[in-house]
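A.B. asks: Using the sequences and the accompanying hints, generate a full structural model.
Residues per chain are reported as follows:
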Amino acid sequence: MLGKGLKYFSYGKVSGMMGKVILVVEDNEFDRNLLVQVLSKKGGFQLLEASSGEECLEIIRNKKIDLVLMDIMMPGVFGDLILTKIREQYNPIQLPIIMVTSKIEVLDVVDCLQRGANDYITKPVQFDVAMSRVTTHLMLSDLSHEMSKMKEMAALDGLIATYNHEINNPLLIAMSCLSLIPNKEGEIFEKLRGALWRIADIVKKIKELANQKEVEYSQYAEDSMMIKLKKN
Amino acid sequence: MGVHGRVSSFDRDLFMRNFHGIEDLAYEAAQSFLSLLPGMILAIEIKISSREFDGLQIAAHALKGAVSNFYAEPARQMAWKLEQIAHQQEGEPIEEILVQLKSELLCLEKDLNIFLMERSAA
Chain A
1 MLGKGLKYFS
11 YGKVSGMMGK
21 VILVVEDNEF
31 DRNLLVQVLS
41 KKGGFQLLEA
51 SSGEECLEII
61 RNKKIDLVLM
71 DIMMPGVFGD
81 LILTKIREQY
91 NPIQLPIIMV
101 TSKIEVLDVV
111 DCLQRGANDY
121 ITKPVQFDVA
131 MSRVTTHLML
141 SDLSHEMSKM
151 KEMAALDGLI
161 ATYNHEINNP
171 LLIAMSCLSL
181 IPNKEGEIFE
191 KLRGALWRIA
201 DIVKKIKELA
211 NQKEVEYSQY
221 AEDSMMIKLK
231 KN
Chain B
1 MGVHGRVSSF
11 DRDLFMRNFH
21 GIEDLAYEAA
31 QSFLSLLPGM
41 ILAIEIKISS
51 REFDGLQIAA
61 HALKGAVSNF
71 YAEPARQMAW
81 KLEQIAHQQE
91 GEPIEEILVQ
101 LKSELLCLEK
111 DLNIFLMERS
121 AA
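As given, the protein sequences belong to chains A and B, one line each in that order. Residue numbering for the first sequence follows this note's numbering, beginning at 1 and increasing consecutively. Residue numbering for the second sequence follows this note's numbering, beginning at 1 and increasing consecutively.
If you are wondering where the hints come from, they were derived from the structure by calculation, not from laboratory data. One should not assume that every hint holds.
What the hints assert, rightly or not - With a Cα cut of at most 20 Å, we get these calculated SDA-like pairs of lysine to any residue: (1) A/K123 x B/W80; (2) A/K123 x B/P93; (3) A/K41 x B/F15; (4) A/K123 x B/L25; (5) A/K123 x B/A30; (6) A/K123 x B/Q77; (7) A/K123 x B/F19; (8) A/K123 x B/K81; (9) A/K123 x B/R12; (10) A/K41 x B/E23; (11) B/K81 x A/V106; (12) A/K123 x B/Y71; (13) B/K81 x A/L107.
C.D. replies: Spelled out as structure tokens, the structure:
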């Protein structure tokens with residue numbers, strides 16, 4: 001079943017959406033195939049299929065999915081329970097989920113929205129509406145990620161400015177004092193001079209981070225990361 | 001209007017409007033549905049004869065979803081009725097509803113075949 005689920009349909013029609021992976025979860029073969037065909041023809045998406053909630057969870061565990069379209073009423077585990085399981089791992093920004101429901105199940109829509117669904121569309125699916133909602137939620141997700149990055153960089157900028165100001169002054173004082181030491185020979189003096197210049201170099205590299213659009217991290221200790229500075 | 005002055009079993013305008021810009025898919029959908037329909041009906045018949053109400057509810061729900069794509073309201077209503085009876089495990093005699101459903105599906109089948117033939121002729 002997993003092999004059957006991994007079908008890719010990709011057409012480059014929607015600007016900025018090429019390569020986005022949408023998972024369609026629907027037990028009814030006819031409805032599922034129709035939605036996949038329509039989304040692939042109208043949009044620029046890669047489409048994956050799942051015919052059950054369990055298959056959906058398996059695919060999400062193994063593949064990077066950008067959005068899920070999921071029928072509320074499926075045999076076995078209902079869509080709302082699958083939704084809850086997905087939300088234990090991914091929030092609505094990380095993985096938008098649009099529920100697909102028959103009109104008679106509208107009352108279930110409230111329950112799904114409370115469980116973390118981003119939106120819903122009703123059956124029979126109006127394809128232009130489905131396309132608009134899918135595109136909108138993908139764009140919202142992208143925008144949220146960009147804003148998170150911007151916030152991260154803004155916080156980093158503030159930290160760098162503070163750090164530069166607070167470290168530079170005492171560093172300059174220390175280096176001035178070093179230059180005034182009469183006896184500039186000896187191991188201790190060399191170690192002190194080396195350490196101060198190393199601090200100056202790191203301060204310079206930290207300042208350069210302000211010009212970067214994003215930062216890379218590496219593991220520092222068990223629970224913490226450190227920012228990677230450029231090597232000389 | 002369908003053949004012999006009968007009102008069409010599905011709303012062709014609404015159906016085609018939904019496939020605006022991708023009309024080829026509309027005809028593929030009709031063909032696909034017609035090929036799957038016998039299996040859907042058989043699944044329902046089997047569940048009814050074995051009084052498997054949970055399975056019947058699922059099968060009727062699937063059929064209801066499929067026909068609703070064609071805005072085939074009479075067939076959709078019958079499938080919904082069957083789904084409700086299966087859910088409640090009581091109600092109107094199931095066999096009567098099945099007869100009415102099959103009658104509506106026969107009309108839908110005829111009209112979809114006409115729809116496809118008209119396209120081939122065009």
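A.B. asks: What's the verdict on A/K123 and B/A30, does the C-alpha distance respect the 20 Å limit or exceed it?
C.D. replies: Roughly 17 Å between the alpha carbons, so the hint for A/K123 and B/A30 holds.
A.B. asks: Straight-line Cα separation of A/K123 and B/F19 no greater than 20 Å?
C.D. replies: holds, 15 Å
A.B. asks: Against the 20 Å threshold, does the CA-CA distance of A/K123 and B/Q77 hold or violate the hint?
C.D. replies: holds, 14 Å
A.B. asks: Does B/W80 sit within 20 Å of A/K123, going by the straight-line distance between their CA atoms?
C.D. replies: holds, 13 Å
A.B. asks: Holds or violated: A/K123 and B/L25, Cα atoms, limit 20 Å.
C.D. replies: Holds: A/K123 and B/L25 sit about 18 Å apart, inside 20 Å.
A.B. asks: Does the structure keep A/K41 and B/E23 at a Cα separation of 20 Å or less?
C.D. replies: holds, 11 Å
A.B. asks: Is the hinted pair A/K123 and B/P93 satisfied, with a Cα-Cα distance of at most 20 Å?
C.D. replies: Between A/K123 and B/P93 the Cα gap is close to 27 Å, so the pair fails against 20 Å, i.e. violated.
A.B. asks: Do the alpha carbons of B/K81 and A/V106 lie within 20 Å of each other, as the hint requires?
C.D. replies: holds, 18 Å
A.B. asks: Is the hinted pair B/K81 and A/L107 satisfied, with a Cα-Cα distance of at most 20 Å?
C.D. replies: holds, 19 Å
A.B. asks: Please verify whether A/K123 and B/Y71 have alpha carbons no more than 20 Å apart.
C.D. replies: Holds, because 10 Å separates the two Cα atoms, which is no more than 20 Å.
A.B. asks: Would you check the hint for A/K123 and B/K81, treating anything up to 20 Å between C-alpha atoms as holding?
C.D. replies: Answer holds: A/K123 to B/K81 is near 17 Å, not above 20 Å.
A.B. asks: Given the hint that A/K41 pairs with B/F15, does the C-alpha gap stay at or below 20 Å?
C.D. replies: Given that 20 Å is the threshold and the Cα spacing comes to 17 Å, the pair holds.
Violation of the numbered hints given earlier is confined to hint 2; every other hint is satisfied by the structure.
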